[in-house]
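Construct the complete structure from the given sequences, taking the supplied hints into account.
Residue numbers for the sequence shown follow my numbering, so the first one is 1 and each next one is one higher.
There is no bait here: all hints are sound.
Pair by pair, the computed Cβ-Cβ distance ranges are: (1) Thr33 to Ala353: 55 to 63 Å; (2) Asp340 to Asp315: 37 to 45 Å; (3) Pro256 to Arg348: 19 to 27 Å; (4) Asp315 to Gln24: 47 to 55 Å; (5) Thr379 to Ser10: 43 to 51 Å; (6) Ala257 to Ser167: 34 to 42 Å; (7) Ala321 to Ile27: 55 to 63 Å.
Hints listed in this document are in silico derivations from the structure and should not be mistaken for laboratory results.
Don't be surprised by glycine CBs; every beta carbon is placed ideally from N, CA and C.
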Amino acid sequence: MSALPNQLASRFKVKMHKGVKAEQHSIYPVSATGNTEFSYGNQNTISFMIPAYKRGFFNPKRSQFHFHVKTPTGVMMADGVPVINRMVLRSGNGQVLEDIQQYSAIDRALKNFESIVDKHANAARIGDYRVPKQTGASNITTTQLKELYTNGTTVEHDLRSSILGKSQEHYIPVGLFNASGGYAFELMLYLEDPKIACVKDADAPTLNYTLTECTLQMEIVTMNQEITDKIDASLYEGGKVSIPYSQMRLHQSYVPANSQQVELQISEAAHDLECVYSLIRKQNLNADARLTDANYTWQGIPFGDNLSFLGGHLDRTKDAAASTNSELLGAIANYQFRYDTMYLPAKRAEMSAKDTKLALINAVHSLDAVDKAVFASSTLSTGKSLWDQGGVCAIVQSFKSARDGDKLSGLNSSATGAPLELSLAFKKPQAEALRVEHFVKSNYTLNIERGGRTTIINGANRDAV
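Here it is, written out as structure tokens:
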């Protein structure tokens, strides 16, 4: 058998059906206008009602949430502008489809594994300036950032919703919800505490921020009557529109002070558990993040904030014996997941004496991100490891047996009723109490039926409203 190069022949492009049109729509929060001011201590919930546009389909790839953010003098937003603490998405009939708590933490963790090239190129759009600040890729100072946020700036936020966010590959048929109260989805965003969302480099009296011009801009693709009649006929015969999506659930564990070895349990009954992100943070996050005057560090991390994660080995010149408990707060010595009789990694992950890079290697391979220029793998401008000294360390474990995204090959954690366990050891006894936030990603199918009725399929289980 032989073949010729593909470049020898060209293919004719097929014309799009004339009945398909794309329209741009912008909606404001419920009971608000573009000038309504949202803040943590006042009006702290942003709620969008997405209409059930007639014959309309929501295009996640070309839809986005943006807002205008402003801070008091001497205050900057933390990188990524983490203003959301919790996101809840409900269907028009009231069924909860997604509920992500501690949203700002998992949003930061996911940003740590993005491409460093994309992150640098999109810094002004999404407000994540860590590439120019921490790696020295370009010259940007805290003075410039304070000026930016004190005068106010517009920022786009990519929603972590797997239904409305850019990770969703399919159009969402909002027009099928026309019998569910006039709207297809309710999106509720609860604002984050300024102690988490903000940073200062001077003794500003208070950390605070305000949001205005909050807008959900959507592309709605409409079909002509001929196409939608065929869909309606299928639904009347018992058919459905199936949308694959995932849920990110939070499970919290606590590590008492002076602990060095802990056994943590995660109880998640999912038929396709794909991945777990375990983030180590201080239990007490009430301190204002104030950068030092000399080298702009916060708790030893360059340009750090209260979303900087523990787990890394801060000083690569000293091993555990030569370090104090405070210097190695949260530093990982080894870890291993277990479900029933299955162990992941198969051999317990043992960190080196002066770094935790094995956790980075495991995370990058576990996420199939070897071919990406992962930000967490880069270095600080000082030449030190961003993973160990930059506040991006995490324990990440995938349970998929195949890389194919269109196949369900994750862990069936509901098979035996046993919890997923994380055995975690630290390099030193902990100088203070910690928390470990486990974000469990599981895959589901959303079925949209006649009249906007929705069912969520979790393997053999089915929740209906």
